[in-house]
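In the order they appear, the protein sequences are chains A and B.
For the first sequence, my numbering gives the first residue as 1, with consecutive numbering after it.
For the second sequence, my numbering gives the first residue as 1, with consecutive numbering after it.
Covered by chain B, per the in silico footprint, the following chain A stretches (three or more residues, Cβ under 8 angstroms):
1) 29-41
2) 52-61
3) 64-72
Straight-line C-alpha distance at most 20 angstroms; calculated SDA-like pairs for lysine to any residue:
4) Lys31(B) - Ser50(A)
5) Lys39(A) - Glu19(A)
6) Lys48(B) - Arg70(A)
7) Lys39(A) - Ala24(B)
8) Lys73(A) - Glu42(B)
9) Lys142(B) - Arg75(A)
What the hints contain is simulated information worked out from the structure, not anything from laboratory work.
Glycine residues also receive a C-beta, built at the ideal position from the N, C-alpha and C atoms.
One letter stands for each residue in the lines below.
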Amino acid sequence: MLVFTRKAGQSLMIGDDVEIKVLSIGTEQVRVGIDAPRKIPVHREEVYRSIVEQNRRASQSQLPSRELLRRMKSRR
Amino acid sequence: MSQTIECPNFGAVEFVAEDVLELAGGMPGFKGLNRFLLIQGEDLEPFKFLQSLDQPAICFPMIDPRHLDAGYRPQLNTEQQAELELADSKDGLVFSIVTLTEDPSDATANLFAPIVVNTANMKAAQILLIDSGYSVDEPLLKV
Numbered sequence: 001m002l003v004f005t006r007k008a009g010q011s012l013m014i015g016d017d018v019e020i021k022v023l024s025i026g027t028e029q030v031r032v033g034i035d036a037p038r039k040i041p042v043h044r045e046e047v048y049r050s051i052v053e054q055n056r057r058a059s060q061s062q063l064p065s066r067e068l069l070r071r072m073k074s075r076r
Numbered sequence: 001m002s003q004t005i006e007c008p009n010f011g012a013v014e015f016v017a018e019d020v021l022e023l024a025g026g027m028p029g030f031k032g033l034n035r036f037l038l039i040q041g042e043d044l045e046p047f048k049f050l051q052s053l054d055q056p057a058i059c060f061p062m063i064d065p066r067h068l069d070a071g072y073r074p075q076l077n078t079e080q081q082a083e084l085e086l087a088d089s090k091d092g093l094v095f096s097i098v099t100l101t102e103d104p105s106d107a108t109a110n111l112f113a114p115i116v117v118n119t120a121n122m123k124a125a126q127i128l129l130i131d132s133g134y135s136v137d138e139p140l141l142k143v
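Using the sequences provided together with the hints, build the complete structure.
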């Protein structure tokens, strides 16, 4: 992993059109601003990770059981 | 000309090129899988299945999210609409991926990251609804 030391107000460029800027530094948090083309999705890591996890779990699903189908029907 | 895929859940499934859903952007965790079939299993209503053509062992059960939330209307941003070539968010067909384990009470649906399909061109994508307040594991059967 590339490691940089930056001060508030300083930035990193990734390629020509992605800029990551340290906006402010607190005791436990830093505020980071990202300028990127809209075609590059930007997500909090834990949010993206939760989708990966849920997709993996879903891909290991069993077929819906009779019991589940019955209970889904009785709800409507 | 039709082709056949052998999948664990449904056996031999026949399809033609026009049936193939193209998820150009893939799905988080499954980036290399881009071609899918939408399968309606026999006697499995209201579930549908997103069956990978690239890796037949991968199959996602799905459900119409309005089964859980009648007012569910995901808003796509302009980039997401452009990717699917949708003129309007409401023109897309929306599915929630569900996770089914042995206990039916544990079944959940992912309302946060639905699969949106443009049936006119068969382009699809998993859309992350940032700041929507929806969860990735909404219980299917509310107590």
